[in-house]
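Colleague: Under my numbering, the sequence shown has 27 at position 25, and the numbering climbs by one with no breaks.
Rather than coming from a laboratory, the hints here were simulated on the basis of the structure.
Some hints could be false.
Derived lysine-lysine pairs resembling BS3-like cross-links, with alpha carbons at most 27 Å apart [stated by the list, open to error]:
| id | residue 1 | residue 2 |
| --- | --- | --- |
| 1 | 239 | 249 |
| 2 | 70 | 168 |
| 3 | 29 | 84 |
| 4 | 201 | 84 |
| 5 | 56 | 66 |
| 6 | 84 | 70 |
| 7 | 65 | 161 |
| 8 | 29 | 103 |
| 9 | 161 | 185 |
| 10 | 239 | 223 |
| 11 | 66 | 103 |
| 12 | 212 | 185 |
| 13 | 146 | 84 |
| 14 | 185 | 174 |
| 15 | 29 | 66 |
| 16 | 168 | 103 |
| 17 | 84 | 66 |
| 18 | 103 | 56 |
| 19 | 65 | 103 |
| 20 | 70 | 161 |
| 21 | 56 | 29 |
| 22 | 161 | 84 |
| 23 | 66 | 212 |
| 24 | 84 | 185 |
| 25 | 29 | 65 |
Remember, predicted model here, so these are calculated numbers, not experimental data.
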Amino acid sequence: MPGFIISKLLLFIVIILIIVIIISNIKIVPQAHAYVVERLGAYNATWGTGLHFKIPFIDRVAKKISLKEQVADFPPQPVITKDNVTMQIDTVIYLQVTDPKLYTYGVDSPIRAIENLTATTLRNIIGDLELDQTLTSRDIINSKMRVILDEATDAWGIKINRVELKNIMPPKEIQDSMEKQMKAERERREKILQAEGEKRSAILVAEGEKEAAILRAEADKEAAIKRAEGQAEAILKIQQAQAEGIKMLNEASPEKQVIALKSLEAFEKAADGKATKIIIPSEIQGMAGLAASLKELIKDDENK
């Protein structure tokens, strides 16, 4: 009886162990991951997303790999430009595993290998550029590095999606010189903008004065035209009045004495107190004497 109990207990323990072993060998690979499985120490398979079962004590998961895009931020590396300027440059690499098998067996410590490869590639590229080109050619350097690194890491099952130069740090004295140069350039641009503003202001003032002068000239012209038209109209009115008077005289058939008297009045207006010598026709002289005698007689009558 005790032996039977012990055998049942041992059977139960064995069953529990078998269940534990089975459960422990059931593997679920999550999304965007891959498992590299070895059988008896050799590569057997790459498990993708889903449920998998490995043979106990024969199969083992050699490496669990993330297929997501990864970011590797490498520390600054000393590089020397073509014009012998030493500076520090740090890079950021965006990479993704495309072949889990090559990633597992292609190279030991893939990220470390990429870091060293990035440093040597960066030195080679910067060595062909001068300082100014290095500072202004980030996109070109990024593109060249991405192509070189992507080609080199194909054998490791890695794809390089993007390479970025995060910081370019020249020596302190170079930075001071660049800051002075930038300050001088800003001052130069400020002076140019100020000169252009003053020039524009002067042009606007001149244009305003020009337009004002044109408007004044047009106003003076209009005023002169109006005055001339007024004078012409006044002269026309005078001439019309004189013509009307002559017409009326002609229609009245004036006598010779009246015409002579009118002539005398005309000579009086012509003299106007300013003429020093006037030649009067003999006919008008007689009429003038007669007019003077009549004037004296009128005065005598008034006195009486």
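Colleague: Would you mind marking each hint as holding or not holding in the structure?
Modeller: Do the hints match the structure? See the list:
no., hint, verdict
1, 239 to 249, "holds, 15 Å"
2, 70 to 168, "holds, 22 Å"
3, 29 to 84, "violated, 55 Å"
4, 201 to 84, "violated, 44 Å"
5, 56 to 66, "holds, 14 Å"
6, 84 to 70, "violated, 38 Å"
7, 65 to 161, "holds, 19 Å"
8, 29 to 103, "holds, 18 Å"
9, 161 to 185, "violated, 43 Å"
10, 239 to 223, "holds, 24 Å"
11, 66 to 103, "holds, 11 Å"
12, 212 to 185, "violated, 40 Å"
13, 146 to 84, "holds, 17 Å"
14, 185 to 174, "holds, 16 Å"
15, 29 to 66, "holds, 11 Å"
16, 168 to 103, "violated, 31 Å"
17, 84 to 66, "violated, 44 Å"
18, 103 to 56, "holds, 18 Å"
19, 65 to 103, "holds, 9 Å"
20, 70 to 161, "holds, 11 Å"
21, 56 to 29, "holds, 8 Å"
22, 161 to 84, "violated, 30 Å"
23, 66 to 212, "violated, 84 Å"
24, 84 to 185, "holds, 26 Å"
25, 29 to 65, "holds, 13 Å"
In the structure shown, a violation is registered for the earlier hints numbered 3, 4, 6, 9, 12, 16, 17, 22, 23, in ascending order.
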